[in-house]
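Participant: First to last, the sequence lines map onto chains E and R. Take any residue in the first sequence, note its place counting from 1, add 14, and you have its number in this note's numbering. Take any residue in the second sequence, note its place counting from 1, add 8, and you have its number in this note's numbering.
Just so you know, not all the hints are guaranteed correct.
Pairwise CB distance ranges, derived in the manner of DEER restraints [stated by the list, open to error]:
1. 22(E) / 55(R): 41 to 49 Å
2. 124(R) / 155(E): 57 to 65 Å
3. 120(R) / 103(E): 45 to 53 Å
Because the hints were derived from the structure by calculation, they are not lab data. Cβ coordinates follow ideal geometry from the N, Cα and C atoms, glycine included.
The lines below spell out each chain.
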Amino acid sequence: MKKLVTLTFITVLTALLTSCNTDATQNSGMSLIQKSDPDPIILDEKSEDKQKLVSSIKKDVAKFDELYDVAVVKGEEEILVAYKVKHMQRFHMVKIEGEINKMLEKKYPKENFIVSSDYKIFLEAVELNDKMKNPDFSEKDAKKKLEEIIELKKELT
Amino acid sequence: MGNKKPESKEVEQYKQFEKNFETKRPVFKNCLKAFLVGGFICMIGQAITYFYIYFFSFTEQTAGNPTVATMVFISMLLTGFGVYDRLGQFAGAGSAVPVTGFGNAVISAAIEHRTEGFVLGVGGNLFKLAGSVVLFGVFSAFVVALIKTILIKLGAI
């Protein structure tokens, strides 16, 4: 009986702790499991050229058979490309990242890319996309968020 | 050295006789149990990794550390409650090989030697089994790093 009470206590505590999340919204909630296919985001001056650029980057990266979801965020200086690798291809993740980097640098030599296959980076990109739909979320906030994502990508420990 | 003495007839006869009464180890069944329980523990670990990625700012690369700490902590609690011992009896290597086995080894030694006092009992015996895990873990990491360094210097990687 005592064991049962302890186990119930632990279960309830875990449930309470996990339900304390307020940040995740709509799409980003499921993007870890499902394909969410977010639209490319531009946090720079918006022009038709840039719109074309991010769309073509997304298209080029999505051409890789090993991937199934691509998110592109264009900041002022860098372009963040996050993608999810198909489960059975995850053994070749380093190779795939190298190939994508090579392709992007060859095709868009003027741009500065940050490429990541990390779930977290993808999740944050989708969350940024969701937040951008909210009119209260300013461009300044969005740029700050992108900076945070890039910092997170560089973190190693 | 190494030359075994030829066994006498009686010894051979006894060995044959003994074989008839020996209970056979159910190797396949044990392997299956270890596989299933070990796999289940790893599945919980994966769920905890996703929990840290999803609700905290950990990336796939950095989520490993808190996950290991949590798994060890849970196995320490379970050892204290007496649940992990039963799991160990049932699953054998399946419960000892994952990192949870490390927590179990530490806490069970602490419980066993509690009566001998805190310094010579708990303190002296805490790493009785876990000490060899740490020692050979560090040593094998050193050997692997050495091989990698040599290969990189030679230009093979």
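Participant: Could you run down the list of hints and mark each one as holding or not?
Facilitator: Right, here's what the structure says about each hint:
1. 22(E) / 55(R): 41 to 49 Å: Between residue 22(E) and residue 55(R), where Cβ atoms are some 20 Å apart, the hint is violated.
2. 124(R) / 155(E): 57 to 65 Å: Between residue 124(R) and residue 155(E), where Cβ atoms are some 59 Å apart, the hint holds.
3. 120(R) / 103(E): 45 to 53 Å: holds, 47 Å
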